[in-house]
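A.B. asks: The primary structure of each chain is shown beneath.
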Amino acid sequence: MSAGLILDGLLAVILIWLAWAALSSRDLFRAIVLFIAFGLVLSMAWARLGAPDVALAEAAIGAGLTGALLLATWGRLRRRRSSKEQSQARPPDGGDNAD
Amino acid sequence: MNGLTVFALTGVGLLVIGLWALVLRAHLIRKVLALNVMGSGVFLVLVGAGAAPDPVPQAMVITGIVVTVSATALALALVLRIDTATGKPTLPEDRERDLMDEHWQ
Amino acid sequence: MQTERDPCEPGVVLRGMLAVLLACVACGLCWLLWSAPLAPGLGDAVRAASAQSGIANPVTAVLLDFRGYDTLLEIAVMTSTLVGVWALGPAPKLHERPPSPVLLGLDSALIPFAAVICGYLLWVGATRAGGAFQAGSVLAATGVLFILSGRRPRLGLPDAPMRWGVVLGLATFLVVALAVMGDGRQFLEYPPGSTKTLILVIEAAATVSIAVILAGLFIGGRPDREP
Numbered sequence: 014m015s016a017g018l019i020l021d022g023l024l025a026v027i028l029i030w031l032a033w034a035a036l037s038s039r040d041l042f043r044a045i046v047l048f049i050a051f052g053l054v055l056s057m058a059w060a061r062l063g064a065p066d067v068a069l070a071e072a073a074i075g076a077g078l079t080g081a082l083l084l085a086t087w088g089r090l091r092r093r094r095s096s097k098e099q100s101q102a103r104p105p106d107g108g109d110n111a112d
Numbered sequence: 002m003n004g005l006t007v008f009a010l011t012g013v014g015l016l017v018i019g020l021w022a023l024v025l026r027a028h029l030i031r032k033v034l035a036l037n038v039m040g041s042g043v044f045l046v047l048v049g050a051g052a053a054p055d056p057v058p059q060a061m062v063i064t065g066i067v068v069t070v071s072a073t074a075l076a077l078a079l080v081l082r083i084d085t086a087t088g089k090p091t092l093p094e095d096r097e098r099d100l101m102d103e104h105w106q
Numbered sequence: 004m005q006t007e008r009d010p011c012e013p014g015v016v017l018r019g020m021l022a023v024l025l026a027c028v029a030c031g032l033c034w035l036l037w038s039a040p041l042a043p044g045l046g047d048a049v050r051a052a053s054a055q056s057g058i059a060n061p062v063t064a065v066l067l068d069f070r071g072y073d074t075l076l077e078i079a080v081m082t083s084t085l086v087g088v089w090a091l092g093p094a095p096k097l098h099e100r101p102p103s104p105v106l107l108g109l110d111s112a113l114i115p116f117a118a119v120i121c122g123y124l125l126w127v128g129a130t131r132a133g134g135a136f137q138a139g140s141v142l143a144a145t146g147v148l149f150i151l152s153g154r155r156p157r158l159g160l161p162d163a164p165m166r167w168g169v170v171l172g173l174a175t176f177l178v179v180a181l182a183v184m185g186d187g188r189q190f191l192e193y194p195p196g197s198t199k200t201l202i203l204v205i206e207a208a209a210t211v212s213i214a215v216i217l218a219g220l221f222i223g224g225r226p227d228r229e230p
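Residue numbers (my numbering), protein chains in the order written: chain L, 14 to 112; chain Z, 2 to 106; chain D, 4 to 230.
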C-alpha cells in the first residue's frame with residue numbers, strides 16, 4: 014500500500030464525487046463551478062499518470078476555457094430569462110417602455 | 002499485468018455517471034456537462050490503462066480535449082439559439098420537465 | 004418540491020432499467036480491462052524514432068511528426084467549429100456593467116505575463132512539457148480577459164485580422180505538408196534535416212490560430228462590422 018497508490022485512490026474518489034455532485038446539483042451555477050473543480054483535479058490525475066502535456070492542456074482548455082464558455086452561456090441564458098420576465102411583468106402600455 | 006488500474010476504473014465510473022446524467026437531465030447545459038464528464042472518463046481509460054507513460058495515447062487525449070472544447074462551444078451556441086427560438090433550453094420532448102433550477106437566483 | 008413525480012419525468016422503473024444497463028456496461032468494461040493482456044505500448048518505438056525527428060519531447064514528436072495528419076485534421080475541426088459558431092448568429096452583447104478594478108489591475112499584470120508564458124510553452128514544447136495547444140490556450144485566456152474587462156482589442160474584432168488569424172494555422176500546416184512533397188516524398192513527410200524547423204513553424208502558426216479560434220468561440224458569434 015504505497016503512498017502513490019493512496020494518493021491515486023484519493024484522487025479517484027475526489028473525481029467521482031465531484032462529477033456526481035456537479036451532475037446532480039440543483040443549482041446550475043454550482044454545477045458549473047464543481048465541473049471546473051473537477052477539471053482541475055483531473056489535471057492533477059494526469060500529472061500523476063506521467064502526462065504533463067495532457068495536464069497542461071486539461072487545466073487550460075478542459076477546466077479553464079470550458080468553464081469560461083459554460084459560465085458565459087449560463088449568464089446569457091439568465092439575462093435572457095430576466096429580461097423576458099421584466100417585459101412580461103410590466104403592464105402592457107402604449108409607447109413609452111424604456112428598456 | 003492488466004489494464005485494471007485505479008484511474009482506468011475511475012474512467013469507467015465517470016463514463017457511467019456521465020451517461021446517467023445525460024439521459025436523465027432535461028436542461029441542455031446539464032447535458033453538455035454530462036457529455037464532457039463522459040469524455041473525461043474515456044480519456045482516463047485511454048491513458049490510465051497502461052503501465053508506463055505512453056506518448057501515443059497522451060497525444061490522442063490532447064487532441065480529444067481540444068476537439069471536446071470545440072464541440073462544447075458549438076453545442077453551447079446551439080443551446081442559446083434553441084433558447085431564443087423556443088423559449089426554453091430543452092429538447093422539444095423535455096419541455097414540460099423539471100429543469101432542476103427553474104427559479105434563477 | 005412536488006410530492007409525487009410529474010407524469011413526464013422518467014419513473015422509477017425506467018431509472019431502474021437504466022441503472023441495470025449502466026451497471027452491465029461498467030462490468031463489461033471492467034472485465035475487458037481485467038482480461039485483455041496489456042500491449043507493450045508504443046513508448047519504446049516512439050523514443051527510438053525520436054532521434055530521427057530531432058524532437059526530445061515524445062508527445063510533441065507524436066503530435067506533429069508521427070501523427071501529424073491527426074493534428075492537421077484537428078486544426079481543421081477547430082476552424083470549422085468556429086465557422087459553425089459564426090453561422091449561428093451575431094455575437095451576443097457583452098454586459099454593460101463596468102468591470103471591477105481588481106480585474107483591470109490583474110489584467111495589466113497577467114496579460115504581459117501570459118504572453119511570455121505562451122512564448123515559453125511554445126519554445127519548450129520541443130524538449131519538455133508544452134507545445135502549441137498549451138501555448139495557444141494561454142494566449143486565448145488573454146483574449147478572454149480582454150473581453151471580460153470590456154476593452155475591445157483594436158485589431159481583434161474587425162473582420163480581416165481575425166479571419167487571417169483563424170486561417171493562419173490550417174493554411175501553414177497545409178502549405179508545409181504539400182511543400183515537402185517536392186522531392187518525391189509523401190504528404191507531410193518532412194525532409195530529414197529540417198524537421199525541427201518545420202515543426203516549429205507549424206506550431207507557431209498553430210498557436211496563433213488556436214488562440215484566435217478559442218477566443219472567437221468564447222465571443223460566441225459573428226464579430227461586429229460584418230459586411
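Don't read these hints as lab results, they were simulated from the structure.
Incorrect hints may have been included.
To be verified - Only some residues are given here: those of chain D computed to face chain L with a beta carbon under 8 Å:
1. V49
2. A51
3. A94
4. Y123
5. S140
6. V141
7. A144
8. G146
9. F149
10. S152
11. L217
12. L220
13. G223
Glycine residues also receive a C-beta, built at the ideal position from the N, C-alpha and C atoms.
A.B. asks: Next step is simple, just say for each hint if it's right about the structure.
C.D. replies: Hints, one by one, checked against the model:
1. Look at D:V49: its Cβ only gets to about 13 Å from chain L, farther than 8 Å, so that hint breaks.
2. Interface restraint check for D:A51: the shortest CB-CB distance to chain L comes to about 19 Å, outside 8 Å, so the restraint is violated.
3. The interface hint given for D:A94 is broken, as the beta carbon of that residue sits about 11 Å from the closest beta carbon of chain L, more than 8 Å.
4. Proximity of D:Y123 to chain L is violated relative to the hint, the smallest CB-CB distance being about 12 Å (cut-off 8 Å).
5. Look at D:S140: its Cβ gets to within about 4 Å of chain L, closer than 8 Å, so that hint holds up.
6. Residue-level restraint check for D:V141 holds (minimum Cβ-Cβ distance to chain L is 6 Å; threshold 8 Å).
7. Because the beta carbon of D:A144 sits about 6 Å from the nearest beta carbon in chain L, less than 8 Å, this interface hint is met.
8. With 8 Å as the threshold, the beta carbon of D:G146 stays out of range of chain L, its nearest partner Cβ sitting at about 10 Å, so the hint is violated.
9. The criterion of a C-beta within 8 Å of any C-beta in chain L is not met by D:F149, whose closest approach is roughly 13 Å, and the hint is violated.
10. The beta carbon of D:S152 is not positioned within 8 Å of any beta carbon in chain L (closest approach about 13 Å), and the interface hint is therefore violated.
11. Against a cut-off of 8 Å between C-beta atoms, the interface hint on D:L217 holds, since the closest Cβ of chain L lies about 6 Å away.
12. Among the interface hints, the one on D:L220 holds; its C-beta lies about 7 Å from the nearest C-beta in chain L, closer than the 8 Å criterion.
13. Look at D:G223: its Cβ gets to within about 7 Å of chain L, closer than 8 Å, so that hint holds up.
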